[in-house]
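Take these sequences, add in the hints, and give me the full structure.
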Amino acid sequence: MTSDLFLAQLRLGLDGLPKSTIDEIVADYATHFADGVAAGRTEAEVAEALGDPRRLARELRAEAGVKAWSEEKTPSAAAGAVFAVLGLGAIDIIVLLPILLGVVGALFGFYVAAIAIFFAGGAVFAAGPFVDFPGGVASAIFAGIGLMAGGASAAAVLTLITIGLVNALVWYGRLHYRLLKPALEPQA
Amino acid sequence: MPETIQIQLKKGVLELCVLALLSRGDNYAYEIASRLAKDIDMGEGTIYPLMRRMQTDGLVETYLVESPSGPPRKYYRLTERGRASFTAQKAEWLAFTKAVEDILGAAA
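Residue numbers (my numbering), protein chains in the order written: chain S, 36 to 223; chain A, 95 to 202.
Hint data in this document are derived by calculation from the structure and do not stem from the laboratory. Nothing here was measured: the structure is a model prediction, and the numbers come from that model. Any given hint might turn out to be false.
Unchecked claim - Covered stretches of chain A, going by a simulated chain S footprint (3 or more residues, C-beta under 8 Å):
{"id": "1", "region": "133 to 140"}
{"id": "2", "region": "143 to 157"}
{"id": "3", "region": "176 to 190"}
Claimed, not checked - Residues from chain A that keep clear of chain S, each with C-beta distances beyond 12 Å, as calculated:
{"id": "4", "residue": "E160"}
{"id": "5", "residue": "S163"}
{"id": "6", "residue": "R171"}
{"id": "7", "residue": "A193"}
{"id": "8", "residue": "E195"}
{"id": "9", "residue": "D196"}
{"id": "10", "residue": "I197"}
{"id": "11", "residue": "L198"}
{"id": "12", "residue": "G199"}
{"id": "13", "residue": "A201"}
Glycine residues also receive a C-beta, built at the ideal position from the N, C-alpha and C atoms.
As structure tokens, this is what we get:
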């Protein structure tokens with residue numbers, strides 16, 4: 036395999052990552068080829084010693100996904116990290132997917148409930164003075180504020196749980212990947 | 095499956111070996127990769143995902159050095175955390191290998 040072909044396959048496999056990250060990774064391997072050739076090896080020898088560019092790309096994607104997640108806790112970073120780690124094939128997807136979907140579905144349901152409670156609180160708060168609320172206007176306002184606070188804190192707790200779950204999945208995937216799928220496969 | 099055991103062992107000590115190499119002086123990836131490929135027979139490509147992971151974990155950091163020929167070269171050096179991790183992992187490794195040696199010695 037020539038250096039160009041190797042780098043092209045690598046770039047293809049990294050598609051979807053930020054362009055600066057891809058450029059940086061591809062530059063690392065291009066330097067490796069240049070150093071190898073300078074040391075008197077052929078491009079084919081260097082490519083063989085490097086291994087399969089597609090497998091390397093999968094590993095690098097997982098690393099990049101985890102890094103993005105460790106830098107910013109956004110929903111898209113979470114999704115990126117989860118899919119990248121799943122892409123390693125480290126986690127038995129067939130077994131894990133139903134559980135994962137169940138957990139995600141339940142979390143989503145709780146989020147919707149928390150938001151609904153928040154808005155219900157808002158409605159009670161706003162409408163309390165105008166309708167005949169049992170207990171009077173003051174209790175309507177306090178009940179509204181209470182419901183809104185409850186909804187907001189439920190959402191906050193759910194966010195913490197979600198972050199914890201993504202971290203656990205990433206940790207699990209990395210652990211198993213390191214132990215079960217060594218990148219040190221014999222160079223066949 | 096002696097082959098499998100060897101692969102697992104190498105994989106496990108790869109990070110330790112990189113930490114050890116860098117503890118003796120800053121280095122660049124090609125040099126690290128060729129040392130490890132020669133001495134413990136690992137795939138050279140493995141070094142780059144590993145270096146990125148160690149960077150994410152805050153064990154190493156990079157800096158650029160102007161090169162007389164070609165573009166600037168990227169060097170890796172240990173962070174404080176990397177140094178601490180090396181000390182801890184080395185102690186663990188020595189204790190572990192000593193225990194295994196004792197058992198192997200007793201069995202001989």
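Right, here's what the structure says about each hint:
no.	hint	verdict
1	133 to 140	holds (count 5)
2	143 to 157	holds (count 5)
3	176 to 190	violated (count 0)
4	E160	holds (14 Å)
5	S163	violated (8 Å)
6	R171	holds (16 Å)
7	A193	holds (20 Å)
8	E195	holds (23 Å)
9	D196	holds (25 Å)
10	I197	holds (22 Å)
11	L198	holds (23 Å)
12	G199	holds (28 Å)
13	A201	holds (26 Å)
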